[in-house]
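**Q** Chains A and B supply the protein sequences, listed in that same order.
When we follow numbering that gives the first Met the number 0, the leftmost residue of the first sequence carries the number 0, and every step to the right adds one.
When we follow numbering that gives the first Met the number 0, the leftmost residue of the second sequence carries the number 0, and every step to the right adds one.
One should not assume that every hint holds.
Each computed BS3-like pair below joins lysine-lysine, with the alpha-carbon atoms no more than 27 Å apart [what the hints assert, rightly or not]: (1) B/Lys137 to A/Lys276; (2) B/Lys224 to B/Lys44; (3) A/Lys186 to A/Lys254; (4) B/Lys314 to B/Lys137; (5) B/Lys322 to B/Lys200; (6) A/Lys279 to B/Lys137.
Some residues of chain B that are not near chain A, with every Cβ distance over 12 Å (derived) [unchecked claim]: (7) Gln45; (8) Arg63; (9) Gln95; (10) Asp178; (11) Arg191; (12) Ile197; (13) Asn199; (14) Ala209; (15) Glu234; (16) Leu236; (17) Gly238; (18) Asp242; (19) Thr278; (20) Glu286; (21) Thr300.
Think of the hints as simulated: they come from the structure by calculation, not from any bench.
Predicted model only: the values in this text are computed from it and were never measured.
Glycine residues also receive a C-beta, built at the ideal position from the N, C-alpha and C atoms.
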Amino acid sequence: MKRARGISRRNALGTIGAMAAAGVALNGSGAIPNTSAQTSSHGAGPRAIALIGDRAHNADYIRVSLNRLFGELSIPIDYTTNFYDLSAAMLRPYQLFVAFRDNIDTAIDPERIGLPIGGPSWISEEQGKAVQDFVAAGNGFYSFHNNAFVSRSSNNYRDVQGGLALSHPALRPFKVRIVNSEHPITKGIQDFMVTDEQHYLIYDKDPKNILLHSENIDGLTFTTTYQDPRISANPGPPKNWGTTSVSGWAHEYGKGRVVFTAMGHTNHVMWHPEYLKLQKNAVRWLLKMS
Amino acid sequence: MKQITHLSRRDILRNAGAVVAASSFATSDAAFGNSASPRAPQASKQRRVLVLMGDRYHNQANIRGSLHPVFTELQLRVDYTTNYYELSTDLLKPYQLFVCFRDNAIWPGGYLGSDEDPLGGRGVADGLENREDFPSEKSENWITEEQGHAVQDFVSAGNGFLSLHCSSLISQSSKNFRDVQGGVALGHTPVRYFKVRIVNKEHPITDGVADFMINDEQQYTTYDKDPRNLLLQAENLDGLTFDPTTPRAGRAGGRGGRGFLNLPSTETGTPSAGNLGTTSAVGWAHEYGQGRVAFLAMGHTPQSMNVPEYIKLQKNAIRWLLKQT
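Only chain B is shown next, with the shape it has when bound in the complex:
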């Protein structure tokens, strides 16, 4: 992958976004995050993005499918990885923007389901006659404080960090990651309709974006920094509330029989909050050292990722994080 002597038409198409912006030809090794590449210095003008994506409940194929058109339109060269264990200072070095779209959990002991239908279709294990014979599923946290520190250093050095959807769960598992992300997920409802309101219209990220309805998991978060940094608030207009301490009723079959993601309060120091009401903070942006951080909570399905107003927010956020606005 070091010396690319020729490019197929397909390579070029695959990297259309890169080719548009690169002065030298971008190649299919873009996805390797190859910091030692001799071509790296030539691309100094071009902003490079690394996306860490995909987990049990969020299929990387859909995430890539949703994000790639955004990066292409912004003429950014983007690399994708699902290899959470590689997150490190070295991995981030060639990039100016780190995008994270995965949760905090890995499941090395296995699980009954396969891919999770983003719209909550029937669980693949529903038909099993001996479901109870399978051991209960047990997740582990993948992130180390060293990895959280790598993100801190990356951002404070002047780079950008876009945290999407379930990535706020990672802050449950790493204080360093929480420090730079600025908040943590408390849990979320199943996919249902709610309104996303812009609570700060003066920010470049919300510029020209109208309030919008979305059908998604409504995430409930704690934001740790200055509340003036909050950009978005979600409200269930039907008056439905959320209590992270109460398991979801029904649907014993799907999703491994689990209810909501319950925040273990002892781990994060956040008290069990009981009923959190109809409204939650679902977007923020702050400076961190010389860099910038934005969090956008929506995105459980490709459908919600592609709500037109939400796409605008994603684009604005990326431009702001790269200090283009």
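Only chain A is shown next, with the shape it has when bound in the complex:
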């Protein structure tokens, strides 16, 4: 995995985004978060690592979606599904950490004939701190969709992510509104309709950092017993959170930058033209290219 020997045409295609941006040829091990020994050969361009995939979000569609985003930006991206590998050492070779998975370690319960069950959370506070340190040192952190659930399980992660998910209704159409069109991320982006899970979130930092709202324009609201774990990790009385939710933000954290955007349950949402534009702006901003 360390040394690339032969590079097949197909390998090269598999990492086409990487090839475009890197000064040297990359090998098929692009997705292995390797140690710093390898980074020196990668040239000056930024490089992203994506932690993807959980039981309700197949790594396959996430990779397909992100490959296009990063391919069109000509930024190399590596993928891992190994949540237990998240650490300061894993992040070291990268300038951008992309997280697109929830907080649950899928467990299969043989006592219930293999029924997938909600396992324990996978993240440790040490891992949350690794992300804090990574961003504070000047790097970028792009958190997608259900990744805001990870902040339910780690205070450190929540601190850098800046908020957390409460819960969400099933897929249904809603409108994504730009609430701050002055930000480099939202520049030139129109409000847009999607069919997606409308996630309901709490943002902890300055509300001026909020970029996006989602609104169910049919007037459908969302009621949940999930609450801020600072109040209680247990379900509370049902609360109606209304038609509108916070669905995107961007803030500085130490010397680094953080973006969260809530849409992304499907490949077709990820590739919604306005949303894809917004994602590109976000990646550029995170890497301080804008």
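Chain A is fixed; fit chain B onto it per the hints.
**A** Just chain B, lined up with the frame of chain A:
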């Protein structure tokens, strides 16, 4: 990930299977398949397993969830990857067993669905008003003959290869892979009940395993090598048959509107077989060079992966492939 100076309790728990068997501490970099690791030689006693898993229709999270308890019980150190493009001689080098649980298709042009509910729940695109506006989905094969050759070399050098479920589709796309796997999938039914019969009870893999019912995709395969290597046969006891040339009726909404996986007969040289009847070959084991190969066709859902008799088969197969039996 090179120097691990301390281990958290969590790291240890995550790698419980590894820790049990390793004389030196296994660490969380186990998943990197790091052939250059200075610690590799120390672990020479410990058998290492690489799992390549996950595709559009088979979520890696469920595959890991099903397989990990098996490896843990067998005290094997296991690494997981979803990065199909990394399959190579170098990748396989540190391992004694290669487990493959993914199909032959990638979908770089995207698709309407997201994760596929293993029990065939409603498609996420069903609610789209403008479904027909989306371009038709188009898959590509990911495997190269060079990668197929890497698996051939790995096995013939004396290692093991466990091919699970949809991995038999890869043989549609690589002659080298088919040569070592020994067969190819022709297609499969939707998830429905069938009986798995042990047709060779003398083999270490089937030792102590009884016939069992399972609710799964019934896969129809062609096995290329000596028929005496066949271990398992599936039979639909209700008399339901399968014809890979006939698209599945109904359910236009889900699964991208596709029917069965139809074997393009011109690509593999296998003639379009028409109706394949109620019975199909769903498990085999053979020697290949100095190594061993086993294929087990069931496993579309975590529920079917966890049928008790099937777990026994998985364990027996892994032990046999590692020449422990």
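**Q** Decide, hint by hint, whether the structure agrees.
**A** Results for each hint:
no.	hint	verdict
1	B/Lys137 to A/Lys276	24 Å, holds
2	B/Lys224 to B/Lys44	33 Å, violated
3	A/Lys186 to A/Lys254	23 Å, holds
4	B/Lys314 to B/Lys137	36 Å, violated
5	B/Lys322 to B/Lys200	18 Å, holds
6	A/Lys279 to B/Lys137	25 Å, holds
7	Gln45	18 Å, holds
8	Arg63	7 Å, violated
9	Gln95	17 Å, holds
10	Asp178	19 Å, holds
11	Arg191	17 Å, holds
12	Ile197	21 Å, holds
13	Asn199	26 Å, holds
14	Ala209	17 Å, holds
15	Glu234	21 Å, holds
16	Leu236	20 Å, holds
17	Gly238	26 Å, holds
18	Asp242	28 Å, holds
19	Thr278	25 Å, holds
20	Glu286	29 Å, holds
21	Thr300	7 Å, violated
Against the hints set out earlier in the document, violations occur for numbers 2, 4, 8 and 21.
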